Amino acid sequence: MNRRTLLILVGLAIADLLISLWIGQQAYHWMPPQASAEALLVDHLFSFMTTLGSFIFLGVMGTLLYAVLFQRAAKYDTSDGPAIEGNVKLEVVWTAIPIVLVIWIATVSYQTYDRMGILGGMGPMAMGMPMAEAASVAPTEAEPAPINVYARQWAWEFHYPDPDIRSTELHLPVDQRARLLLSSEDVLHGFFIPAFRVKQDVVPGRDISFEFTPIRKGRYRLRDSEYSGTYFAANQTDVVVESAEDYQQWLATAVATPPFAAQNVAYEEFNQETQSALDLGWETVKPAPAPVVNYASSENDPHE
Amino acid sequence: MSDASLPLTPPSRQPQPGAPDNWRRFFSFSTDHKVIGIQYIVLAFFFFLFGGLLAMVMRGELITPDSDLVDRTVYNGLFTMHGTIMLFMWTFPMLNGLANYLVPLMIGARDMAFPRLNAVAFWLVPIFGVILIISFFVPGGPSQSGWWAYPPVSLQNPTGNLINGQSLWLLAVALSGVSSIMGAVNIVTTIVRMRAPGMGWFKMPAFCWTVLSAQIIQLFGLPALTAGAVMLLLDLTVGTSFFEPSRGGDPVLYQHFFWFYSHPAVYVIILPIFGVFSEVFPVYARKPLFGYKVVAVSSLIITGLSGIVWVHHMFASGTPGWMRMLFMFTTMAISVPTGIKVFAWVATIWGGKLRLTTSMLFGLGGLTMFLFAGITGIMLASAPFDIHVNNTYFVVGHFHYVINGAVVMGFYAAIYHWFPKMTGRMYYEGLGKLHFALTFIGLNLNFLPMHPLGLQGMPRRVASYDPEFAFWNVLASLGAFLLGVSTLPFILNMLSSWVRGETAKDNPWRAIGLEWLIASPPPHENFEQIPIILSAPYGYGSDEPLTANDPTKELASEPSES
Chain A
-8 MNRRTLLILV GLAIADLLIS LWIGQQAYHW MPPQASAEAL LVDHLFSFMT TLGSFIFLGV
52 MGTLLYAVLF QRAAKYDTSD GPAIEGNVKL EVVWTAIPIV LVIWIATVSY QTYDRMGILG
112 GMGPMAMGMP MAEAASVAPT EAEPAPINVY ARQWAWEFHY PDPDIRSTEL HLPVDQRARL
172 LLSSEDVLHG FFIPAFRVKQ DVVPGRDISF EFTPIRKGRY RLRDSEYSGT YFAANQTDVV
232 VESAEDYQQW LATAVATPPF AAQNVAYEEF NQETQSALDL GWETVKPAPA PVVNYASSEN
292 DPHE
Chain B
433 MSDASLPLTP PSRQPQPGAP DNWRRFFSFS TDHKVIGIQY IVLAFFFFLF GGLLAMVMRG
493 ELITPDSDLV DRTVYNGLFT MHGTIMLFMW TFPMLNGLAN YLVPLMIGAR DMAFPRLNAV
553 AFWLVPIFGV ILIISFFVPG GPSQSGWWAY PPVSLQNPTG NLINGQSLWL LAVALSGVSS
613 IMGAVNIVTT IVRMRAPGMG WFKMPAFCWT VLSAQIIQLF GLPALTAGAV MLLLDLTVGT
673 SFFEPSRGGD PVLYQHFFWF YSHPAVYVII LPIFGVFSEV FPVYARKPLF GYKVVAVSSL
733 IITGLSGIVW VHHMFASGTP GWMRMLFMFT TMAISVPTGI KVFAWVATIW GGKLRLTTSM
793 LFGLGGLTMF LFAGITGIML ASAPFDIHVN NTYFVVGHFH YVINGAVVMG FYAAIYHWFP
853 KMTGRMYYEG LGKLHFALTF IGLNLNFLPM HPLGLQGMPR RVASYDPEFA FWNVLASLGA
913 FLLGVSTLPF ILNMLSSWVR GETAKDNPWR AIGLEWLIAS PPPHENFEQI PIILSAPYGY
973 GSDEPLTAND PTKELASEPS ES
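The listed protein sequences derive, respectively, from chains A and B.
By this note's numbering, the letter at position 127 of the first sequence is numbered 118, and the numbering carries on one by one without gaps.
For this note's numbering, count along the second sequence from 1 and bump the result up by 432.
For the record, the hints were derived by calculation from the structure and aren't laboratory data.
In this text, all values refer to a predicted model and were calculated from it rather than measured experimentally.
Glycine included, each C-beta is placed from N, C-alpha and C at the ideal position.
Mixed in with the good hints there might be a few duds.
[As the list claims (entries may be wrong)] DSS-like mimics (lysine-lysine), calculated; alpha carbons at most 25 Å apart, straight line:
1. B:K725 / B:K635
2. A:K66 / B:K725
3. B:K785 / A:K80
4. B:K635 / A:K66
5. B:K985 / B:K635
6. B:K785 / B:K635
7. B:K785 / B:K865
8. B:K937 / B:K785
9. B:K865 / A:K66
10. B:K985 / B:K937
11. B:K937 / B:K865
12. A:K80 / B:K635
13. B:K725 / B:K785
14. A:K80 / B:K725
[As the list claims (entries may be wrong)] Stretch-level coverage of chain A by chain B, calculated; a stretch enters the list once three of its residues show a Cβ under 8 Å from a Cβ in chain B:
15. 16 to 26
16. 30 to 41
17. 146 to 158
18. 270 to 282
[Unchecked claim] Listed next, with one range per pair, are the computed distances between beta-carbon atoms:
19. B:K865 / A:K208: 19 to 25 Å
20. B:A869 / A:F251: 56 to 62 Å
21. A:L271 / B:V906: 22 to 28 Å
22. A:P73 / B:L920: 49 to 55 Å
23. B:R548 / A:K277: 48 to 54 Å
Make a model of the complete structure from these sequences and hints.
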């Protein structure tokens, strides 16, 4: 390899690196708003992996594209290419590169996970601690009792123990640790708030405690992420993150409101005539009645 | 050289005991591995079209945010059966077809080790295919619990009937497992025991290495899935309590049974396609496969690692932290042998004398799609990131880049490459290239938009979605319709070429390999005399002969095993 080829290669690698770093920065914009402390960590990890991934992808594709464009056989050239069967040095290098990259990515992922573990965004499990054990740990006196999250076919219901309130919209004070206790009454559901980058399957027969920290005021979507049957797609509601005063105000208003039946897409759709072009009359599990709550979300409320 | 085309002028030179030697043999209980191979491929392709049709109805529903085209129950049945059919009725049978057709030819054998078992394994496929189709017509419709059939949803059975979509689905999956195990026993035995004299392990074509690696997975993995399916069937029909939480069962246990096989199943699917890449690139680049031995062995390393990664599907399922970290590391480790293969293919192509035939284009396209999927795959292995995109369209985009991008493109590469061998006819290059262009554009238009959708938080398996997701969904739907259209030039090409294409020479690509030494299509029992292998495969650019004898010439007596 002469000096000129080497310079060209180094130049191409630097160009690849610069483009990859730029793509890595773009990656932040592909995500929903960063509304929790966990989101900052996850987005950083994603940007890092996008940078590395782009570098590899562009490098390999550039090589392939060059070969396809400039190394074609002439029309009547029936000769073979050089009989190169391998190159031990090269093979060792390209075995080593993925190993190094994998260790790097795994280490960064581990550190991210560990920091989220301190933050608690990954649920109840400290490293190495089995779930059942973590779930049975009684909350210490300083911590308020967790908000109960009930998932069912097909509604989300939130029960605040103090004061005793039921709601179909999850309200949380900003910059405070949110502590939830997830349970399902029928099948698997998934507690998923994209803006918080947190997700946890809700397993029937288990109470799963779950924590994260919202850091940005606003109304965000909460979706069911584990397929739960006919009205799975409609099983979503909102999370409102608000200032501590607004949160107290909301609690006070809710506690003064007598319970009423909330809006529920699944239940209403089940009880009205079908609007779809193709309905074959296949039977479905009947949706649970609309939850009776002190405060109800509305599908018409705007969310981010 | 043979000028026989299969449907029109049946070659009469080779009498085939027990099977008529014309097109009717494709509908008979033939024990010829080449007939069974084509039976598998053609039947599987019909189900591919059917599964694709289901997907196009789904994309029709998803072109608007509301649930308006089909009822939610219908949508859920559609995505369940789309996944089920594409895996159990398309990829597995299609790959078994390729293995059946090619492995005996490539290792210099006259047939598979157990020809009757081979035929039984094949004829089970239409049986469970029919069961799956019948399930559309039972009261309550087909299974609507997704192809994972996670309990408790899969146990809910709103019809109350004993015969329902879910129980028929479980029966079909269990039968599919039995059929695949039969196939695996046969293929592994054939490769281990029936290689031609002189063909040591490192003189065997890379495709056979990948098929061997894939079929070993079937042997250790499928029993877990089949057992899980049987237990779920018992829970559903006779009220046992393996997985039903209200009766004391554990739904997460099912997920372990399911993914212990169903993740390695991805490697069962992709490994033979890696083999196709390794066969196709050297031929059209006129260079030996770069680092052949390392490429061959890395298939077995993938097989080994595939058995210890399944929990990465369950990072959000209530999995303890130590398990998340452990399986994150093992999953990422798979990128090492896979990376070796990708770099080796690039090095094979580099500096060669490229011919962009349809087969080569599909090979290159498949490699591109796989590279992209591999990179998003490492991202998904990273547990903290996976928590966010788990069960979103990011995952759907990722695995369609693998299965539709790499596997289906690899399948097309294989079909165009071996079509002259299988039929004795040449296909039309122009139609082939049109097919490639439509497929490549359709695939990327369909599946690339799924990545931003997933990152934004759109869950998979939804029949309706919030309006902010509409833009990317419209693009994806248009891509899906284009992908449907892209199969038309392929079907036209295959049918018309098979009937009246130009007669193919024995070795139209000047490729090196045992299958290219014999007539197109190969005679019954392939070789007049068993070839004696002298050199490693892929001897492009060197003058070493592949075999010591001419396998098309009859000998007075069989060569002794030496």
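Task: Consistency of beta-carbon spacing, K208 (chain A) to K865 (chain B), with hint 19 to 25 Å - done: violated, 55 Å
Open item on the list: Holds or violated: K785 (chain B) and K865 (chain B), Cα atoms, limit 25 Å.
Closed with: holds, 19 Å
- [ ] Assess, step by step, whether the Cα of K785 (chain B) is no farther than 25 Å from the Cα of K635 (chain B), and give holds or violated.
- [x] Roughly 24 Å between the alpha carbons, so the hint for K785 (chain B) and K635 (chain B) holds.
TODO: Mind checking the alpha carbons of K725 (chain B) and K635 (chain B) for me, to see if they're no more than 25 Å apart?
DONE: holds, 9 Å
Task: K937 (chain B) paired with K865 (chain B) [C-alpha distance capped at 25 Å] - done: Distance ~21 Å between K937 (chain B) and K865 (chain B) Cα, so the pair holds.
TODO: Decide if the proposed pair is consistent with the structure: K635 (chain B) and K66 (chain A), CA atoms, cutoff 25 Å inclusive.
DONE: violated, 32 Å
Open item on the list: Please verify whether K725 (chain B) and K785 (chain B) have alpha carbons no more than 25 Å apart.
Closed with: Holds, at about 23 Å.
Task: Pairwise hint evaluation, K635 (chain B) against K80 (chain A), where the allowed Cα distance is 25 Å at most - done: Holds - the C-alpha atoms of K635 (chain B) and K80 (chain A) are around 23 Å apart, at most 25 Å.
Task: Within 8 Å of chain B (C-beta), three or more residues of the segment 270 to 282 of chain A - done: As far as the segment 270 to 282 of chain A goes, the hint holds, because 7 residues have Cβ atoms under 8 Å from chain B.
- [ ] Mind checking the hinted window 56 to 62 Å against the Cβ distance between A869 (chain B) and F251 (chain A)?
- [x] Given a distance of about 59 Å, which is inside 56 to 62 Å, the answer is holds.
TODO: Indicate whether the distance between the beta carbons of R548 (chain B) and K277 (chain A) respects the range 48 to 54 Å.
DONE: holds, 50 Å
- [ ] With a cut-off of 25 Å on the C-alpha distance, tell me whether K985 (chain B) and K937 (chain B) pass.
- [x] holds, 17 Å
The earlier numbered hints that this structure contradicts are 2, 4, 17, 19 and 22.
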